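If you read the sequences in order, they're chains G and V. Be aware that the first sequence starts at 1, since it is given in the working numbering, and climbs by one per residue. Be aware that the second sequence starts at 1, since it is given in the working numbering, and climbs by one per residue.
Derived from the structure by calculation, the hints contain no laboratory data. A hint or two may mislead.
[What the hints assert, rightly or not] Derived SDA-like pairs (lysine to any residue); straight-line CA-CA distance at most 20 Å:
| # | chain 1 | residue 1 | chain 2 | residue 2 |
| --- | --- | --- | --- | --- |
| 1 | G | Lys-40 | V | Gly-29 |
| 2 | G | Lys-36 | G | His-73 |
| 3 | V | Lys-22 | G | Pro-42 |
| 4 | G | Lys-41 | V | Gln-6 |
| 5 | G | Lys-36 | V | Lys-22 |
| 6 | G | Lys-40 | G | Gln-82 |
[Claimed, not checked] To be clear about the criterion: a stretch of chain V counts as covered by chain G if any three or more of its residues have a C-beta under 8 Å from a C-beta of chain G, and this derived list gives those stretches:
| # | stretch |
| --- | --- |
| 7 | 10 to 18 |
| 8 | 96 to 104 |
[Unchecked claim] For each label pair, taking beta carbons as the anchor points, the in silico distance ranges come out as:
| # | chain 1 | residue 1 | chain 2 | residue 2 | range |
| --- | --- | --- | --- | --- | --- |
| 9 | G | Met-15 | V | Phe-111 | 40 to 48 Å |
| 10 | V | Leu-82 | G | Arg-63 | 37 to 45 Å |
| 11 | G | Pro-8 | V | Ser-84 | 41 to 49 Å |
Small disclaimer: the values here were computed from a predicted structure and weren't measured. For glycine and all other residues, C-beta sits at the position ideal for the given N, C-alpha and C.
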Amino acid sequence: ETGVTQTPRHLVMGMTNKKSLKCEQHLGHNAMYWYKQSAKKPLELMFVYNFKEQTENNSVPSRFSPECPNSSHLFLHLHTLQPEDSALYLCASSLQRQGQAQPQHFGDGTRLSIL
Amino acid sequence: AQSVAQPEDQVNVAEGNPLTVKCTYSVSGNPYLFWYVQYPNRGLQFLLKYITGDNLVKGSYGFEAEFNKSQTSFHLKKPSALVSDSALYFCAVRRDTDKLIFGTGTRLQVFP
């Protein structure tokens, strides 16, 4: 039990489909993150939410749309994806306090395959 | 700009032998450094962190890391490797209050 739950674990979709990835944490954390992990590439930070406010968007294409309705839930809405978007998408959360460096807790990811 | 480098794509070690996974960093200011491990089909798991204080940091599963300011390194170590330690290991440095920069990862293979 990681404390951060991601659903679905696997997703296969066509380029014209619309789907959403879900992330949920019950650790009392106030920051949530989306990462993209591709083979043989560094972990890419996509989005950061702090107290439900987006604080980072790392030049992510608009076909990825994040949503953070509250501090416990994070979504990644997908539409018109490309084959190069196939990857493992990881969600993480952390407790951010001024002057402290708390670790991030990760979910087990959603393995996304674009046909 | 903050960055970390993991110079080895893969490290092979025999079970029972000591292991070292290397990480060097580049930061402005005090470094906040982390090690994570990723097992197959799983997310990253936090192992240990260095904020300040003792240069030898102890973490989960018998791992430890040595902070060396003069060499700007933060190598992960374990005195006696287990086959179950085989996984992907990531070094990370804090960039802002709520962001981490990860290295490219090192695959550790422990042979029986």
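Tested hints:
With a C-alpha separation of about 30 Å, the suggested pair Lys-40(G) and Gly-29(V) falls outside the 20 Å cut-off, and the hint is violated. Between Lys-36(G) and His-73(G) the alpha-carbon distance is near 18 Å, which keeps this suggested pair within the 20 Å criterion. The straight-line distance between the Cα atoms of Lys-22(V) and Pro-42(G) is roughly 16 Å, inside the 20 Å bound, and the hint therefore holds. Straight-line distance between C-alpha atoms of Lys-41(G) and Gln-6(V) comes to about 13 Å, which keeps the hinted pair within the 20 Å bound.
Between Lys-36(G) and Lys-22(V) the alpha-carbon distance is near 23 Å, which puts this suggested pair outside the 20 Å criterion. Restraint check for Lys-40(G) and Gln-82(G): the C-alpha separation of about 19 Å stays at or below 20 Å, so the hint holds. Proximity of the stretch 10 to 18 of chain V to chain G, defined as three or more residues with a beta carbon under 8 Å from a beta carbon of that chain, is not established by the 0 residues found. Against chain G, the stretch 96 to 104 of chain V contributes 7 residues with a C-beta closer than 8 Å to a partner C-beta. That satisfies the three-residue criterion, and the hint holds.
For the hinted restraint 40 to 48 Å between Met-15(G) and Phe-111(V), the CB-CB distance of approximately 42 Å keeps it satisfied. One distance hint, 37 to 45 Å for the beta-carbon pair Leu-82(V) and Arg-63(G), holds here, with the actual separation near 42 Å. Take Pro-8(G) and Ser-84(V): their Cβ atoms lie about 28 Å apart, and the range 41 to 49 Å is violated.
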